[in-house]
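> Chains as they are written, first to last, in my numbering: chain L, 819 to 1218; chain A, 819 to 1218.
Hints listed in this document are in silico derivations from the structure and should not be mistaken for laboratory results.
Since the structure is predicted, the reported quantities are computational estimates derived from the model, not experimental observations.
Hints are not guaranteed to be accurate.
Copies of the same chain look alike in the list, so a pair counts if it fits in one copy or across any two.
Only pairs whose alpha carbons sit at most 30 Å apart, straight line, appear in this in silico DSSO-like list of lysine-lysine [said to hold, decoys possible]: (1) Lys1022 x Lys1187; (2) Lys1147 x Lys1187; (3) Lys1022 x Lys959; (4) Lys1022 x Lys1127; (5) Lys1124 x Lys1187; (6) Lys1124 x Lys1022; (7) Lys1187 x Lys959; (8) Lys1127 x Lys959; (9) Lys1187 x Lys1127; (10) Lys1202 x Lys1147; (11) Lys1099 x Lys1147; (12) Lys1099 x Lys1124; (13) Lys914 x Lys1022.
2 protein chains.
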Amino acid sequence: MSGYVAFDAEKVIDYVTHLGHFFAEGETLSCYEFGDGNLNLVFRVQDTQRNSIIVKQALPYARCVGESWPLTLDRARIEASVLRRHGEICPTTTAKVLHHNSELAVTILEDLGQLHILRGELNQAHTFPQLSQDIATYLAKTSFYFSSFYLEPSEKKALVTEFTNPELCAITEDLFFDDPYRDTERNHFPSALQTSVNALRHNKALLIEIAKLKAQFLNAPETLLHGDVHTGSIFVSAEQTKLIDPEFGFFGPIGFDLGSFIGNLLLNYCAQHARIEALPKRRNMQVYLLDCIASTLSGFYATWLKLAKTQTRDLSLQAEGYAEYFLTKVLQDAVGYCGCELIRRTIGLAHVTDIDDIEDDAARLEVQKRALQLGEQLILNANKCHTTEDVYQLIISFVN
Amino acid sequence: MSGYVAFDAEKVIDYVTHLGHFFAEGETLSCYEFGDGNLNLVFRVQDTQRNSIIVKQALPYARCVGESWPLTLDRARIEASVLRRHGEICPTTTAKVLHHNSELAVTILEDLGQLHILRGELNQAHTFPQLSQDIATYLAKTSFYFSSFYLEPSEKKALVTEFTNPELCAITEDLFFDDPYRDTERNHFPSALQTSVNALRHNKALLIEIAKLKAQFLNAPETLLHGDVHTGSIFVSAEQTKLIDPEFGFFGPIGFDLGSFIGNLLLNYCAQHARIEALPKRRNMQVYLLDCIASTLSGFYATWLKLAKTQTRDLSLQAEGYAEYFLTKVLQDAVGYCGCELIRRTIGLAHVTDIDDIEDDAARLEVQKRALQLGEQLILNANKCHTTEDVYQLIISFVN
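This is chain L alone, in the form it adopts within the complex:
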């Protein structure tokens, strides 16, 4: 990475102008940075006709709760490569990569400025009727086409190597599976939650399930995951859904992305108890979120099963009934990872604004308790689910 230099607005314009093909010759370009600056620089470059592109550059360090630690620039390569690979399969739901330079850790992306980040929209109780089907299709198609059902083993092994992502995976390994279940400075939660947290940490049955989920995360290169499908990684509008930011991408268990997504919808569900005072409006939003979960599950399952029945190339995996067996395991994994997401977003390092922006301390604490309890019960009961309907019934039996 000897050629790496961090960009500023001027350097971005020079770089883009040098590349040449994004704007009409002679156009005057303007540029400003609007990322949060913790992990990446994000610039918008536009001409006088309001044509624009996004230039994203990874920083060689991460800042979080005041700490600064080195973080591989290779994540920019991973992110651009996952977007391209997933984009070949799901072009309409993946942010388009226009250019990538691994040495500079720079990626140029289509500008999705007309869309909004899903998390903020859900926090405002906005709903998106096409969201669940778009996500279900994206998760089903990308996970099928990069699985052993479809890829030649040698092709898949080469991709597993290409997408080996140890530094970013280590973050997930720590934050999802280790930190919440022990004392570490990275956790943060109100002291009033300590009793609930202690109960989790002394629940032996729960800790065995966490071990299984972590072992699976470490040892199941089933498909090329996005690796970070939370509602902050999804751009939406009334018509469109676009996945961004797959820098945590790697070959892992198929249920991980599905579980992460559902977990974030459930975090929002819990948060709405304190966000929307008027019961009818709150119920409408919560019903939307549950419908979205049900529809994501059934859409994912149906799409995956159809692909498995019609496009499985591996001879052994074509065995009658195997795809159904496999999908049941995927659903159980997803429920488990969903539970992990609920817990780690409540008491670990990285919280969600859905909950943290609730102003009333007592109301926020109640939401946090709901999220913890729901997460725990999902993890403990995941292996009772055999169908998408079982998953849905399990969820609604614990959300209220």
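With chain L fixed as given, assemble chain A onto it according to the hints.
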């Protein structure tokens, strides 16, 4: 591999002399080739004092049933690397690598000429009291120390990449999981066995289990496997046990090596029905083989569990009860892979002399039927096993 040139005896002596440190200066060296020449050249080099070493060179092709196809020379690197890695953990049960040159695909090994290949010894009804404990310790220690229980995730991911072995794995994927269950020219078995083979191929429950085992083989980099622990890969004497030939090594499911080993003992068990006419002598040999299986299972389990309890470094995987859960799954996998080995060695491409050298056609056919039936039942009932005793009881309920 531009520097590759196939050795002959003269070139071997030049090469060894040039390296310098294996024999006293001025010694007269002699050399002869004694491999089967299908995959590798194997030379013994000795001086006048009967000091000797083995020089093994991979050939860039494989010959089998008349066919010749290219096969990566990288397998020599894999083989030498697995021997070295496993040798660091189990020096007494791993053939010692004295030198390796990846470009020439040459490995110099200690001469184990004073030992004998286990398969031939078992075929002669020779027994080895220390065999099961040596193999159990080797399999338990190597599989534990290269697992996520012990290795840092980043360290393990780097090793998974280093030991990515697509061409050799493809052979196993085809021969274990695909070929036996469909018509292909690579299979061979007597036409009198066709009815039994057809029954296997129409057993839907069996085919689902085969799919699970293949998916696990493809998607579970649990540890650095030897990859080919059959009784032809083990040198024995009354005092020693030495593993050789791990060119199929890769990160895969822990149960695979254990199952392969037990499968080969069971192939010999089945063969003894036709090999030893005198019932008391036959029973003695078969009891030895069953004792050997029981002792391998219990030794493996006890050693692994002790390592897991005392040396697990991963925080989550230290959860109370998780190691026992994990080992149950390993046992079930081993039973399944054991069943696959019985079937594929009976009707697939690569047979075993235990069975094929039985001269009487009718007697050999009966043995083949036993092996197929045993393999099928082990695969179908694997998930009923929760302890090593369960595995043993399952085996003895079907061997007679």
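> Evaluate each hint against the coordinates.
To see whether the hints hold, each was checked on the structure:
no.	hint	result
1	Lys1022 x Lys1187	within (19 Å within a copy, 47 Å between copies)
2	Lys1147 x Lys1187	within (28 Å within a copy, 34 Å between copies)
3	Lys1022 x Lys959	between (36 Å within a copy, 27 Å between copies)
4	Lys1022 x Lys1127	between (39 Å within a copy, 16 Å between copies)
5	Lys1124 x Lys1187	neither (39 Å within a copy, 38 Å between copies)
6	Lys1124 x Lys1022	between (39 Å within a copy, 20 Å between copies)
7	Lys1187 x Lys959	neither (35 Å within a copy, 43 Å between copies)
8	Lys1127 x Lys959	within (13 Å within a copy, 41 Å between copies)
9	Lys1187 x Lys1127	neither (42 Å within a copy, 33 Å between copies)
10	Lys1202 x Lys1147	both (11 Å within a copy, 18 Å between copies)
11	Lys1099 x Lys1147	neither (36 Å within a copy, 48 Å between copies)
12	Lys1099 x Lys1124	neither (37 Å within a copy, 57 Å between copies)
13	Lys914 x Lys1022	neither (45 Å within a copy, 44 Å between copies)
Of the numbered hints stated above, those contradicted by the structure are hints 5, 7, 9, 11, 12, 13, listed in ascending order.
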